[in-house]
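Student: The task is to assemble the complex, starting from two chains supplied on their own in separate frames and drawing on the hints.
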Amino acid sequence: MDKQHWNGKKNMHIADGILTWQWSIAWYIVALFFVAIGARKIAQTRKANPAYMSILALMGAAVFVISVWHIPVAFAGTSSHPNGTALAAIIIGPLATAAITSIVLFFQAFLGHGGITSLGANLISLGVVGGFVGISIYMLLKKLGASVWLAAGVAGFVGDLSTYACTALQLAVSLNPTSIGQHWEIYMLGYLPTQIPLAILEFAFTAAAVQYIQVHRPEILTWWRGIPAIAGAPTVSSKPSEPKLSNPKRHRIDRFTKYVLITMTLMVAIMLVSTYVGVNVFGGKMGGTDSSVASGGFSFLTHYTMVDEYVVFTIGGAAGGLVVGYLLPSVFGQLSKRKEEKQTV
Amino acid sequence: MNKRGKSAQMQAEVEEGKSSLAEEPKTGSVLHRFDARIKFICAIVAVFGAVALTHSEFAVIPIIVCVVLVIFARASLKSYFKRLLYPLSIALVVAVVQLFTGTTVVATIPYLGWHIYSQGIAFAILIFARVLAAASILNLLITITPMETLMDSLSWFRVPSVILDTMMLMYRYISVVSEEKARIYKAQESRCGYTKSVSVVRKLGNYGTVGGMLLVKSFDRALKVGDAMVSRGYTGTSSLFSYSTKKMAKKDIAIGVIVVLAVVALLLADLGII
Chain D
387 MDKQHWNGKK
397 NMHIADGILT
407 WQWSIAWYIV
417 ALFFVAIGAR
427 KIAQTRKANP
437 AYMSILALMG
447 AAVFVISVWH
457 IPVAFAGTSS
467 HPNGTALAAI
477 IIGPLATAAI
487 TSIVLFFQAF
497 LGHGGITSLG
507 ANLISLGVVG
517 GFVGISIYML
527 LKKLGASVWL
537 AAGVAGFVGD
547 LSTYACTALQ
557 LAVSLNPTSI
567 GQHWEIYMLG
577 YLPTQIPLAI
587 LEFAFTAAAV
597 QYIQVHRPEI
607 LTWWRGIPAI
617 AGAPTVSSKP
627 SEPKLSNPKR
637 HRIDRFTKYV
647 LITMTLMVAI
657 MLVSTYVGVN
667 VFGGKMGGTD
677 SSVASGGFSF
687 LTHYTMVDEY
697 VVFTIGGAAG
707 GLVVGYLLPS
717 VFGQLSKRKE
727 EKQTV
Chain E
1350 MNKRGKSAQM
1360 QAEVEEGKSS
1370 LAEEPKTGSV
1380 LHRFDARIKF
1390 ICAIVAVFGA
1400 VALTHSEFAV
1410 IPIIVCVVLV
1420 IFARASLKSY
1430 FKRLLYPLSI
1440 ALVVAVVQLF
1450 TGTTVVATIP
1460 YLGWHIYSQG
1470 IAFAILIFAR
1480 VLAAASILNL
1490 LITITPMETL
1500 MDSLSWFRVP
1510 SVILDTMMLM
1520 YRYISVVSEE
1530 KARIYKAQES
1540 RCGYTKSVSV
1550 VRKLGNYGTV
1560 GGMLLVKSFD
1570 RALKVGDAMV
1580 SRGYTGTSSL
1590 FSYSTKKMAK
1600 KDIAIGVIVV
1610 LAVVALLLAD
1620 LGII
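Heads up: the sequence lines are chains D and E, in that order.
If you read the first sequence in my numbering, its first letter stands for residue 387, the second for the next number, and so on.
If you read the second sequence in my numbering, its first letter stands for residue 1350, the second for the next number, and so on.
Simulated from the structure, these hints should not be mistaken for lab results.
Errors might be hidden in some of the hints.
Below, simulated BS3-like cross-link-like pairs (lysine-lysine); rule was C-alpha separation at most 27 Å, straight line [stated by the list, open to error]:
| no. | chain 1 | residue 1 | chain 2 | residue 2 |
| --- | --- | --- | --- | --- |
| 1 | D | Lys529 | D | Lys427 |
| 2 | E | Lys1566 | D | Lys427 |
| 3 | D | Lys433 | E | Lys1573 |
| 4 | E | Lys1573 | D | Lys427 |
| 5 | E | Lys1535 | E | Lys1552 |
| 6 | E | Lys1552 | E | Lys1566 |
| 7 | D | Lys528 | E | Lys1566 |
| 8 | D | Lys528 | E | Lys1552 |
Only chain E is shown next, with the shape it has when bound in the complex (with noise of 0.2 Å):
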């Protein structure tokens, strides 16, 4: 890949982000359409519930219905499968160091004599599903809600109003500093500040210096802004959010109860109750 191509994909890794965030469900299935509210209980519930299991097996359950959750509302599956990847970077570090813990060995590294014991490996398993069933959850509810939806229910559920309006306010600058950046970057760029020829250490700190660049900006930014706000009347305070007195349908309810129980349902199936 050139170097043009390379600094393209860059920028759009970059830019990921945003634009996953920003990302607006194309169809208007029933899953769309269904209470912000109760899809967030819903989720967290559920995503709880995942981190409880114990039984590896009883993990692959909520993989799979959100899966066919993802079909039925004709969401992108690429985009839905290859936001599963980026945790499990983590689980990877974590479930190899598990692979060394227990008390019965099943297995040795040559040369280093290390030990791998089956009760690592179950755990290891275990992480994994956990990671896998969790990410798919919350992935399904991001996929099937927008963020300025999600973030308007929160206010149903008494998020202080000084933390919502400083989430609003920077879900909405987000893209426009990313612009900026993306900007300022291409402008260095196109002034050979990422040459070969270009020191390690002169291109760090020429990255150092987009992001100061991109601090200084914003702030002469904010300062306008804050001052256009002010002469408009803004106090401080927004009432943008519709969920704080909107009624739930009863239907919504109904669903958001019967995904609970399911939740609980399975938590007892893990632990043997029934």
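Isolated chain D, as found in the complex (with noise of 0.2 Å):
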């Protein structure tokens, strides 16, 4: 096998054996109670609607070999594939998808990519909180303004975060369960070289396809949410909608994406050069931040080393930008209408 073939397979699942056989039958009985969930809703609704299992299995191969597309990452010099956990979620719920991952993650042990005694911790930190996490952040920033392609990016990027935290969580808990803190860190850290280009594409990746398809198919976005669930119901229409040829929305960014990608370039800017400042200039972690935080409990804080400052810090700009970005938009828009009822008086 030659090196590119090699470096291609890099995959966060965690393979047979690595876990103890005590942890590998808690995460089934918690992947099991998902799965039964989730194959309960399938089997209601194809009771319901035949038609639904082809819709199903056709978006759930879709998602499958979109997540083992292989696409390279430049600035990483290899290739990674997405999780592809949040944009099933968002084409097929976050229930199915749990479902839908349980079926690939079978799969995928026969090649070598996960196991069998590790699918129940695999599933749930791919199918649940990858899929569970990136909806939930989708649709929070729907609901808050942000156009289609921001909501989904960022929904692929934390639920990969949120995936790969999560698998190093379990690692910790299995195999260091007298230092859970400490090792989560290090396993975190351990990914950090693969998952952090990952979770970039992931961003990109899931924008985009997700773009293409409010452009083109809108409905797809939305078809398991009106799935008819009761007997008798209509099916799914066969009917395609007409394609939108030219969307003039397409290019254009609303205010709270605008005002959003603004406040997070600018925060992460900032935080990102004050913490080199910090640690090349002055020298060492915030060991007094350390200290207090120590004291009121929160010992996990105080293993954390220079990358973590970095990563935590992105992580927290980007999310001060979040904030930020949705209240500018109203101050903004209270202060114009001030200085309207000024003009009027």
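Tutor: Structure below.
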């Protein structure tokens, strides 16, 4: 096997033999709960609408194919594949994603990706955490008024990072029960070189894929919510909607997205520059902050390393940018409203 | 390697998930004819046995047994070993972390000052051995059992029909969708979607467009297929599974019991009881 081929096989699925058998069973029990709910929901919908099965299977197969597609990550010098669970949750719903992920992981176990005893653990991190976090972020941002591509992109990004954070936690809990917090961070650091580029890839890929669907067939993004679950209800219409040849709004960025992008970029840049200056000019990590946090009972944070500071501040900056981006339009709106009132008076 | 070659290789990698699963066993050895349900039970018991091992030297036994059985089944050793390499990527991350856990220092990394512990080395080797042993067992199972038969055998274990139906349909459509994706990608590539002059951001956008297009096309196809299935009397359940009622041969059961007992004996030996 050549080097490129080997590099292309980076995956975060936990293989058989890594987790202890007690934890393997425990994760199976938790995973079964979600698969059972997902399967029940599929069964109910199938009863009402048998054609649902073909849609679910084909969309599931499409998500599977996308999730094993190795895309070159230029800045990491390797290729990686998107998780696809955030995308799957947006397209087929989070519960169906849990059921479909169990099937996908079963197939992948025989290809050396993941395993049979670790299927439960992998299902929780990929299908449940990745899917539910992804769809929650997507719906939250959509509700806040973000454009579809941004909501999908952030969902992909956060869904990917949450999946690997969960996998790292599963490893720490199983293998290093005496120092879970410390080892959780160490495993996360171990994943960092591959997962950060992968999360960026997931952002771009999910954003572009969902944007394409939004422009050409927006009903795909909502069909799983509109499937009738009552027997006798009309089946999914086979009549495809007219494709929109040109969308005048396609290249326009709404006000919220604009503010979010600007504030996120600014805050992340400020955070990273400050961290760099703090670490390299003034030296060391923020010991004072660490010890004060530790005295409050959060000893987990005392273990964090230099690299963690960059990661924590980047995530903090991005989250701060989102909040500020949400608040700014309303602040400016109020200001302009007062100005108008003054002018009227 | 030129661009076209790289692209072809990438395509091959993309397709690998599908092609490896769809790989039909070429020979009809005794192992191939063995009851799929017993093979599945034996494999699961053996994998759990491998995971529960506490001594790395005992994990070598299933690895050797699997290689011998692959040779006996006249299956491709190349693809067998190729599939064994994949799980090692995560095993490597986990094993490296374990090196720095323990109490007895055996070495210190120069400049960094990090200690490597003897207990950590032993645990890292054990994890590696367990991963290899478990992967070998599953690898052997899929080498001697077609995926369709394996899915069929799951009906005997009372796996819900909704999961099995979705699994069967998905398995069928993975190859269809893969071909569709390869076609769309090729069309986009031929329109200079991935040339050197195209920026990284644009390329990622192009990959995303292929994904979106694939989902749109799959949705359209699914609507047509769904309508066609319903018009032919499909009610949501299929009766494709033959193993749910099929009886097991006594000889196969006896061999299965022997394998399970061998796994139990291995575990007892590992624990020092026998």
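Student: Would you mind marking each hint as holding or not holding in the structure?
Tutor: Here's how the hints hold up against the structure:
1. This hinted pair checks out: Lys529 of chain D and Lys427 of chain D have alpha carbons roughly 25 Å apart, not beyond 27 Å.
2. With a C-alpha separation of about 25 Å, the suggested pair Lys1566 of chain E and Lys427 of chain D falls inside the 27 Å cut-off, and the hint holds.
3. Only pairs whose Cα atoms come within 27 Å are accepted, and Lys433 of chain D paired with Lys1573 of chain E is accepted, the gap being roughly 19 Å.
4. Under the criterion of a C-alpha separation no larger than 27 Å, the hint pairing Lys1573 of chain E with Lys427 of chain D is consistent with the structure, at around 23 Å.
5. At most 27 Å may separate the alpha-carbon atoms for a hinted pair to count; Lys1535 of chain E and Lys1552 of chain E meet this at roughly 14 Å.
6. For the hint linking Lys1552 of chain E to Lys1566 of chain E, the alpha-carbon distance of about 21 Å falls within 27 Å, and the restraint holds.
7. As the CA atoms of Lys528 of chain D and Lys1566 of chain E are separated by approximately 25 Å, the hinted pair is consistent with the 27 Å bound.
8. A C-alpha spacing of about 26 Å is found between Lys528 of chain D and Lys1552 of chain E, which places the hinted pair at or below 27 Å, so the restraint holds.
Violated hints for the displayed structure: none, as all numbered hints are satisfied.
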